[in-house]
Amino acid sequence: MSKSGALPEAGSRAGRSLFPVLLPPLLLAVVVILALSAGKYDVSLSDMARVVWSRLTGTPSGLDATIETVVWNVRLPRVLAGLLVGASLAAAGCVYQGLFRNPLVSPDILGVSAGASLGAVGGIFLSLPVLAIQGMAFAGGLAAVALVYAIGSMVRGRDPVLVLVLAGVAVGALVGACISLLKVLADPYNQLPAITFWLLGSLASITRADAASILPAMLLGLVPMVLLRWRMNLMTLDEEEARALGIETGRLRLILVSAATLMTAAAVSVSGIIGWVGLVMPHIARSLVGPDFGRLLPASLMLGGGYMVGVDALARTIAGIEVPLGILTAVIGAPFFLWLLVSGRRGWQ
Amino acid sequence: MAVMMSAQDLAFGYGGKAIGQGVNISVNSGEVMCLMGPNGCGKTTLFRTLLGLLPPLGGRLEMLGRPVQAYTRAEFARHVAYVPQAGSSYFPFTVLNVVMMARASRIGTFATPSAHDRTLSFAALDRLGLAHLAERSFNEISGGERQMTLIARALVQEAELIVMDEPTASLDFGNQARVLDCINELRGSGLSIVLSTHDPGHAFACADRAVLMKQGHVVADGLPNEAVTPESLHGLYGVEVAVEFMQGAGRSICAPALGRFRQE
Numbered sequence: 000m001s002k003s004g005a006l007p008e009a010g011s012r013a014g015r016s017l018f019p020v021l022l023p024p025l026l027l028a029v030v031v032i033l034a035l036s037a038g039k040y041d042v043s044l045s046d047m048a049r050v051v052w053s054r055l056t057g058t059p060s061g062l063d064a065t066i067e068t069v070v071w072n073v074r075l076p077r078v079l080a081g082l083l084v085g086a087s088l089a090a091a092g093c094v095y096q097g098l099f100r101n102p103l104v105s106p107d108i109l110g111v112s113a114g115a116s117l118g119a120v121g122g123i124f125l126s127l128p129v130l131a132i133q134g135m136a137f138a139g140g141l142a143a144v145a146l147v148y149a150i151g152s153m154v155r156g157r158d159p160v161l162v163l164v165l166a167g168v169a170v171g172a173l174v175g176a177c178i179s180l181l182k183v184l185a186d187p188y189n190q191l192p193a194i195t196f197w198l199l200g201s202l203a204s205i206t207r208a209d210a211a212s213i214l215p216a217m218l219l220g221l222v223p224m225v226l227l228r229w230r231m232n233l234m235t236l237d238e239e240e241a242r243a244l245g246i247e248t249g250r251l252r253l254i255l256v257s258a259a260t261l262m263t264a265a266a267v268s269v270s271g272i273i274g275w276v277g278l279v280m281p282h283i284a285r286s287l288v289g290p291d292f293g294r295l296l297p298a299s300l301m302l303g304g305g306y307m308v309g310v311d312a313l314a315r316t317i318a319g320i321e322v323p324l325g326i327l328t329a330v331i332g333a334p335f336f337l338w339l340l341v342s343g344r345r346g347w348q
Numbered sequence: 000m001a002v003m004m005s006a007q008d009l010a011f012g013y014g015g016k017a018i019g020q021g022v023n024i025s026v027n028s029g030e031v032m033c034l035m036g037p038n039g040c041g042k043t044t045l046f047r048t049l050l051g052l053l054p055p056l057g058g059r060l061e062m063l064g065r066p067v068q069a070y071t072r073a074e075f076a077r078h079v080a081y082v083p084q085a086g087s088s089y090f091p092f093t094v095l096n097v098v099m100m101a102r103a104s105r106i107g108t109f110a111t112p113s114a115h116d117r118t119l120s121f122a123a124l125d126r127l128g129l130a131h132l133a134e135r136s137f138n139e140i141s142g143g144e145r146q147m148t149l150i151a152r153a154l155v156q157e158a159e160l161i162v163m164d165e166p167t168a169s170l171d172f173g174n175q176a177r178v179l180d181c182i183n184e185l186r187g188s189g190l191s192i193v194l195s196t197h198d199p200g201h202a203f204a205c206a207d208r209a210v211l212m213k214q215g216h217v218v219a220d221g222l223p224n225e226a227v228t229p230e231s232l233h234g235l236y237g238v239e240v241a242v243e244f245m246q247g248a249g250r251s252i253c254a255p256a257l258g259r260f261r262q263e
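First to last, the protein sequences are chains Z and F. Residue 230 in numbering that gives the first Met the number 0 sits at position 231 of the first sequence, and the numbers go up by one each step. Residue 108 in numbering that gives the first Met the number 0 sits at position 109 of the second sequence, and the numbers go up by one each step.
A portion of the hints provided could be inaccurate.
Sample of chain Z residues with no beta-carbon within 10 Å of chain F, all distances over it, derived [as the list claims (entries may be wrong)]:
1) Leu-75
2) Gln-190
3) Leu-327
Output of the computed footprint for chain Z on chain F, the stretches with three or more beta carbons under 8 Å from beta carbons of chain Z [as the list claims (entries may be wrong)]:
4) 75–86
5) 93–104
Please keep in mind that the hints were generated in silico from the structure rather than gathered at the bench. Note that the coordinates shown come from a computational prediction; the quantities given were computed from them, not determined experimentally. In this text, a Cβ means the ideal position worked out from N, Cα and C, and glycines have one as well.
Only chain Z is shown next, with the shape it has when bound in the complex (with noise of 0.2 Å):
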């Protein structure tokens, strides 16, 4: 019918402009490495870097201890931390916003941090050990959020977005009311302190360990969305539309759920509740790369993770106290979310 056109390079589009595509990982880069020598004791970085080198040969450095064990102790499980918890929490928003067919969606809106949380606090409450936490905040993280979507789809004929959003306040309500009861139940000198601390958000008494602990949980969520980073677009069509094309997608959409919720729940398990993440993110990496997931996965990884590392450590370093990250965050992604939706400007057009 029409005169023939030549076809397209794979590439040419990223082929005229690397710079998006470019960013998130430079910026990733810039942080990480600002990250480790800022803070209360200076560190140049030539002595970061020969700190790093020396652990990674097995050659002494000739540094003073102490520069080495705030590098190598202190800082360096933190920023791991930080990445880690940012990137699961934006990988998950990311996942969540397809699934749900709605870019305004997260882990907070959705009520999984709050169910995470609920789940994570019990154990607290309980004083189980770490993965057992683990395990009870993905329990609860799963469990709300499979409330909500069924809440969604019993409710027919409105706006489901709307539907979904005022679902997820509800459930997120009633399980603040359940936190709360917990809070009151708890050992005011030894859970209490516990609890409060972890729900503002913080990766002030992060260790190895802990970073080391979310990592399993964090690739086992990744590995399926990497897999599935294709068939991940066909999800964001209309149900009917997908399953024409050939897609069972009740079943992908367990395991893609499951998959993020399990990050989510990896995440809030080691730092608490950080919220925002997850919604402003995706975003900015889909206005960056698109919204092909196999390209928007990768940017909102590390742009989650730089972004969790930066607020960390404008954390410990902006006042005399360590400000918890939950405030810093949602003083930042508030402001974001409410411009996007004054604006009218949806970020995804």
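For chain Z, the structure is supplied; the task is to place chain F on it using the hints.
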């Protein structure tokens, strides 16, 4: 003609509640079938049942001699493609990426489209005159272009039967003509097409067969000339309709005779 899909005494509906019953229709290979009926007559529900998205409530529904429900989604998608009414997508995929989604049933679960899939997708866009839109966002192009893109996607699915749900709905006059032209272009290429429409004249424009549905029952099924008559349309819609051959268009058209509504 070989039978692609056949329904015998089919009952269909939601959640156990039948909307239509006793439906006997068959789609022959290479045939364009136009389905029409008033709002709420069960066209959409019937389509969803034909597509295997709703289980039949009774009777038999077979695709190439095998029950539709016995196919996996991927197997079925290799035989039957669906063209929904074109809305905007939730995320701004490029037109080429939207078309490539049709390859889902032909590549592995963990695979991404190959260069071959890309070439096929681009060729389908080119065939429908949309090649220049390949890298545009699906949400930025016009409604007519979106509808054509979804038809291109159905072609890339390489199915023998394409089911189109009111492909001309919510399109302007010119775009309706373009979509009908496109269906005519595909007619005679061996593809079977089932489409629903609100304009009975479309049966003359692009179909080999017309099926009229009322309250979940098939009330007429035959050649457009035989099935679409003033009498049958009056029975269907409850209004007086003129069905006349129009010299300039080269086919019959249907128009309601206004001001002469018969009360029923």
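We went through each hint and held it up to the structure:
1. In this structure Leu-75 of chain Z is separated from chain F by more than 10 Å, as the shortest Cβ-Cβ distance comes to about 34 Å.
2. With a least CB separation of 43 Å from chain F, Gln-190 of chain Z remains clear of the 10 Å interface cut-off, as annotated.
3. Residue-level check passed: Leu-327 of chain Z sits 29 Å from the nearest beta carbon of chain F, beyond 10 Å.
4. For the segment 75–86 of chain F, the assignment as covered by chain Z holds, since 7 residues bring a beta-carbon within under 8 Å of that chain's beta-carbons and 3 suffice.
5. A count of 7 residues in the segment 93–104 of chain F with a Cβ less than 8 Å from any Cβ of chain Z is obtained; the coverage claim is therefore met, three being the minimum.
Every hint, counting from the list given before, is met by this structure.
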